[in-house]
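Asker: Chain residues, written in single-letter form:
Number of protein chains: 2
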Amino acid sequence: MVLEQNDKLILLTNDDGLYANGLKTLIEVMEEFGKVVLVSTIESMSGMSQALTVKIPLRVKLLEENEKHRIYTCNGTPTDSIKLAVNQLLERMPDFVVAGINHGANASVSVLYSGTMAAALEGCLYGVNSVGFSLNDFSRTADFSVCKKYIRIVMEKIAVESLPPGICLNVNIPSLPENEIKGIKVCRQARGNWKEEFEKRKDPMGRTYYWLTGMFQNHEPDAMDTDEWALTNGYVSVVPVSVDMTAHWYMDKLTGRFN
Amino acid sequence: MVLEQNDKLILLTNDDGLYANGLKTLIEVMEEFGKVVLVSTIESMSGMSQALTVKIPLRVKLLEENEKHRIYTCNGTPTDSIKLAVNQLLERMPDFVVAGINHGANASVSVLYSGTMAAALEGCLYGVNSVGFSLNDFSRTADFSVCKKYIRIVMEKIAVESLPPGICLNVNIPSLPENEIKGIKVCRQARGNWKEEFEKRKDPMGRTYYWLTGMFQNHEPDAMDTDEWALTNGYVSVVPVSVDMTAHWYMDKLTGRFN
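Going down the list, the protein sequences come from chains A and B.
Residues 10 to 268, numbered by the working numbering, are exactly what the first sequence covers, in order.
Residues 10 to 268, numbered by the working numbering, are exactly what the second sequence covers, in order.
It should be emphasised that the hints constitute simulated quantities derived from the structure, not laboratory data.
It is possible that some hints are incorrect.
Copies of the same chain look alike in the list, so a pair counts if it fits in one copy or across any two.
[Stated by the list, open to error] BS3-like cross-link-like pairs, simulated, lysine-lysine; straight-line CA separation at most 30 angstroms: (1) LYS209 <-> LYS70; (2) LYS70 <-> LYS204; (3) LYS70 <-> LYS33; (4) LYS166 <-> LYS262; (5) LYS191 <-> LYS158.
Chain A with its partners taken away, still in its complex shape (with noise of 0.2 angstroms):
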């Protein structure tokens, strides 16, 4: 792969693994865009928020490359994937980091535990376009192709306008046909939180262990501006994500109870 001055370099990753389908509709949309480079795990790495392997190096290996893009597979978590290109691996800082497509939604707080849109704040962090994309479907053979449309929307407008510093982009796509999708729709995060069955088993030896299981409980069903409900009503969902977490609104307040 040779980067010309004029491409665009598009830097991808996900964390369902190299060998998801979700990942193979990315690239094929991405390759219209410009020059792609992957970093990803080939295992998944799920539920993995923006953790840093700090404990054992990485390891990176260039699996594939041709004329538009170059795959490497490392070890690390999705936001070691995106430091380890930014740093190591990139010719320059690429134009887009892009994530997904996840298989299964991340909308409402799904959004502090989603390796996918950490990797895209991690992008933000370097002053990147970036975005991560998930269709709300878990199973493997998920139809990922309807996301195609809505990825190019999308990527065109961040192409033309870049998006403010600080700020990247939560992008759920219902698994509905292509003409049952109502358009997209700016939303903002969902209150809700997940409610947890952990499933509690014996080993063979008689040890007690845990598998987490889980269901989303959506504390506000109704409120018409939210993700969960653009999602649950046939609308891509697009949510400003921000790498500031202070409850700027609550500061006032705070500091009058410290006074």
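Once you've looked at the hints, dock chain B against the given chain A.
Answerer: For chain B alone, coordinates are given in the frame of chain A:
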């Protein structure tokens, strides 16, 4: 440990492991406020962000119990520890989730990578008053005694009046003698990022590997309302941190761009 009806129940965790001095100090102070249940890994879990363990089963062990506290170890992340405690180990919902005292500051964008702050965010998602405490000193032998006074002040404030839903506190304490600390300052998260300088090495087989290192870059060193400024200038910084990552101020503009 018997939990009486009037006892406050305080859930603790950290990301520096069970034998960290910061955790010992935190337990001592928290026992002044109620009955303490601690769930933590033996080893450190730094930089784990809000990662969840989904690929290996979780195991828990009751290590120690006396009149004032119960101490469990588990093999999960700080976020797993909070989830396991709330769902499997505690008599009832805790009154406080407290994480730390972290060895090293968690100011600015470190909130995104920190396992300590992730635990506080997790408590917050359960609707519990939650705080993460950090001392601006990475050394293993750091003197945590100076933290006690400020932990008491913060805990007394949130005991009197709960934090609003969806907000927890990120408290960073300078590593200074008590008489040099100028007081508490409510702040916003400073804008910055980590400039990574991976160390590239060869293993004995001649294969390349990388260690993540890095240096924090404050993008606004003169902004006096930030946590970085407060810490550098001898103040304890208190940032209200929101589980809602939506960039609300940008929603109208973004909506316009998609119409």
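Asker: Determine for every hint whether it applies to the structure shown.
Answerer: Right, here's what the structure says about each hint:
{"no.": "1", "hint": "LYS209 <-> LYS70", "in the structure": "between (38 angstroms within a copy, 14 angstroms between copies)"}
{"no.": "2", "hint": "LYS70 <-> LYS204", "in the structure": "between (39 angstroms within a copy, 23 angstroms between copies)"}
{"no.": "3", "hint": "LYS70 <-> LYS33", "in the structure": "within (19 angstroms within a copy, 42 angstroms between copies)"}
{"no.": "4", "hint": "LYS166 <-> LYS262", "in the structure": "between (38 angstroms within a copy, 12 angstroms between copies)"}
{"no.": "5", "hint": "LYS191 <-> LYS158", "in the structure": "within (13 angstroms within a copy, 56 angstroms between copies)"}
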